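Chemist: Once you have looked at the hints, place chains B, C and D on chain A.
Okay, here's what each chain looks like letter by letter:
There are 4 protein chains.
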Amino acid sequence: MSKDSLTKLTSKLKDFAVRRDWEQFHSPKNLAMALSGEAGELLEHFQWLTEQQSQQIEANKKQEVAYEMADILIYLLRLSERLDIDLVAAAYEKMAINEERYPADKVKGDFRRAEEYE
Amino acid sequence: MSKDSLTKLTSKLKDFAVRRDWEQFHSPKNLAMALSGEAGELLEHFQWLTEQQSQQIEANKKQEVAYEMADILIYLLRLSERLDIDLVAAAYEKMAINEERYPADKVKGDFRRAEEYE
Amino acid sequence: MSKDSLTKLTSKLKDFAVRRDWEQFHSPKNLAMALSGEAGELLEHFQWLTEQQSQQIEANKKQEVAYEMADILIYLLRLSERLDIDLVAAAYEKMAINEERYPADKVKGDFRRAEEYE
Amino acid sequence: MSKDSLTKLTSKLKDFAVRRDWEQFHSPKNLAMALSGEAGELLEHFQWLTEQQSQQIEANKKQEVAYEMADILIYLLRLSERLDIDLVAAAYEKMAINEERYPADKVKGDFRRAEEYE
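Protein chains in written order, with the working numbering: chain A, 1 to 118; chain B, 1 to 118; chain C, 1 to 118; chain D, 1 to 118.
Calculated directly from the structure, the hints in this document are not laboratory data. Please note: incorrect hints may appear among the correct ones.
Since the list can't tell identical chains apart, any single copy or any two copies may satisfy a pair.
[To be verified] Below are the BS3-like pairs computed for lysine-lysine, each with C-alpha atoms no more than 25 Å apart in a straight line:
#	residue 1	residue 2
1	Lys-94	Lys-108
2	Lys-8	Lys-94
3	Lys-94	Lys-106
4	Lys-62	Lys-14
It should be emphasised that the depicted structure is a prediction, and the values quoted were computed from it without experimental measurement.
This is chain A alone, in the form it adopts within the complex (with noise of 0.2 Å):
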C-alpha cells in the first residue's frame, strides 16, 4: 500500500486499538465477523427501497449509510494489517482477475456470474 490516506487511517487505527487494549480481540476471526455484522447494517438501510429510490437517499440517510461505510473499512483496514496484507494490490490483482473472467466484449450488459456462462 503507497504512503497515503490508507496507511495513515490504518496506523490510527491501531493505535486506537492498543490504546484501549483491544487488540486481544482483534483477531482476523472477530474482525471478520465484525465487518460483516456492519454490512448487515448497510443492508438495512436499502432493504425494503426500490433501487431506484437507493440512489435517492435524503441527507440524514446519506449520513447514517456513511457511517456504516466507515465501518466496513475500519474493520477491512484492521483486517489487512492484522494478516500483513496489502489490500489495494490485492484489489488490482483482482481486477486483473475479473478483466480475464469477463472480457468486456462477451458480457456486455449481462450480469451473470462467470460460473453461470456455460
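Modeler: This is chains B, C and D only, laid out in the frame that chain A set:
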C-alpha cells in the same frame, strides 16, 4: 478523498463497469448486497478456526482471504462513487465519534458495545 | 418447540454432528458465523436481479436457492439446540412485539422501520 | 412441509404482511436482504466473545439472541412462501447430500469444507 490510491482505484472500477455496460446493475441497493455477499464469503474462511488459527493461516488461504477482502473494497468504492460519499473522510469522522463513545481510560480491555455500558 | 418436523430435524442434525465429532466446532459463535455465511450465499443469487425477476427464477436457480435456505435453517436449528432456545416460541413472541410496534392501521403500505417513524 | 408448527407460522406471517399491505415490499430479493441483515445482527452479539463465552451468555443477552434468531426464521418462512419452497423437505435433501460429501469415517474431527480435501 485525497488524490491517491483510492481515487485511482475508484476511477478504474467505474471504467471497468462502464465498458461492460454494468452501471445499470450497480444501484446502491445492489452494491450493498454484493458487498454483504462478499463479507459472507470472508466469514466462511474463518468460521471453524479458533481465533489463534485465524491469525496463522497458510499462504494459499491467505491469498483467498486477500481476494475476498479485495472484493469488499471494490464494492465499497463503487458504492461510495454512486452515492458521492468520501469514504476516508467518513472513516475519520467515525473515528472521532468512537473516541468520544469509548474513552480509552473507561473501556480499557473491555469489549462491550457503547449501548451495553449502562 | 412442539414435537413435530423441527424437533425431528434438530435431533437428526445433532446426530449428524456427533457422528463426525463436529460438536467441538459448533460453538454458538461459530454457528452464527456459518449461518451468516450462508445468508451471504443466498444474497448472491439475487443481487443483480430486479425484484420482479427475483420472483420468477427458473427451476435450476430455485433448487440452489432452496439449498441455501436449507443451510440457513440447519444452522439456525443447531444454534437453537446449543443455546436451548425454543425457536418457534421466540418467533411467536417476536410477532406479538411486532403487532405492537407496527399497528396495521398506522403503517399500512409504509416500509419504514419503527425507529424511523418519529 | 407437514401441517405443523411451521405451516401455521408461515400462514400467520403472510396474514401479518397482508394486513399491512407489505406484500409489495416482500419480493424474494428484499426478503433475502432482510434475512441477511438479521444474520448480521446475530453476529454482533458474538463477535467479541470467545467460543466458550458464546456458550454461556446470560439471560438478557440470550433473550436478544432468541429474537434475532426469530427474525431470521420469520424472513426464511416468508421467503419460502413467496418462492413456494418446502423448507423442511429441502433441509432433508441437503442433509442427504452432506451425508455423501462428508462420510463420517473420513471427516471425523476435521473441519475442512468438502472442496478443501483434495
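Chemist: Under a CA distance limit of 25 Å, which applies to Lys-62 and Lys-14: within one copy, between copies, both, or neither?
Modeler: For Lys-62 and Lys-14, the Cα distance is within 25 Å only across copies (21 Å; inside one copy 27 Å).
Chemist: Tell me, please, which holds for Lys-8 and Lys-94 at an alpha-carbon limit of 25 Å: within, between, both or neither?
Modeler: Both. Shortest intra-copy (23 Å) and inter-copy (15 Å) distances satisfy the 25 Å Cα cut-off.
Chemist: When no copy is specified for Lys-94 and Lys-108, does a C-alpha distance of 25 Å or less occur within a copy, between copies, both, or neither?
Modeler: within (19 Å within a copy, 35 Å between copies)
Chemist: At most 25 Å between CA atoms: does that hold for Lys-94 and Lys-106 within a copy, between copies, both, or neither?
Modeler: within (19 Å within a copy, 35 Å between copies)
Checked against the numbered hints listed earlier, the structure breaks none of them; every hint is satisfied.
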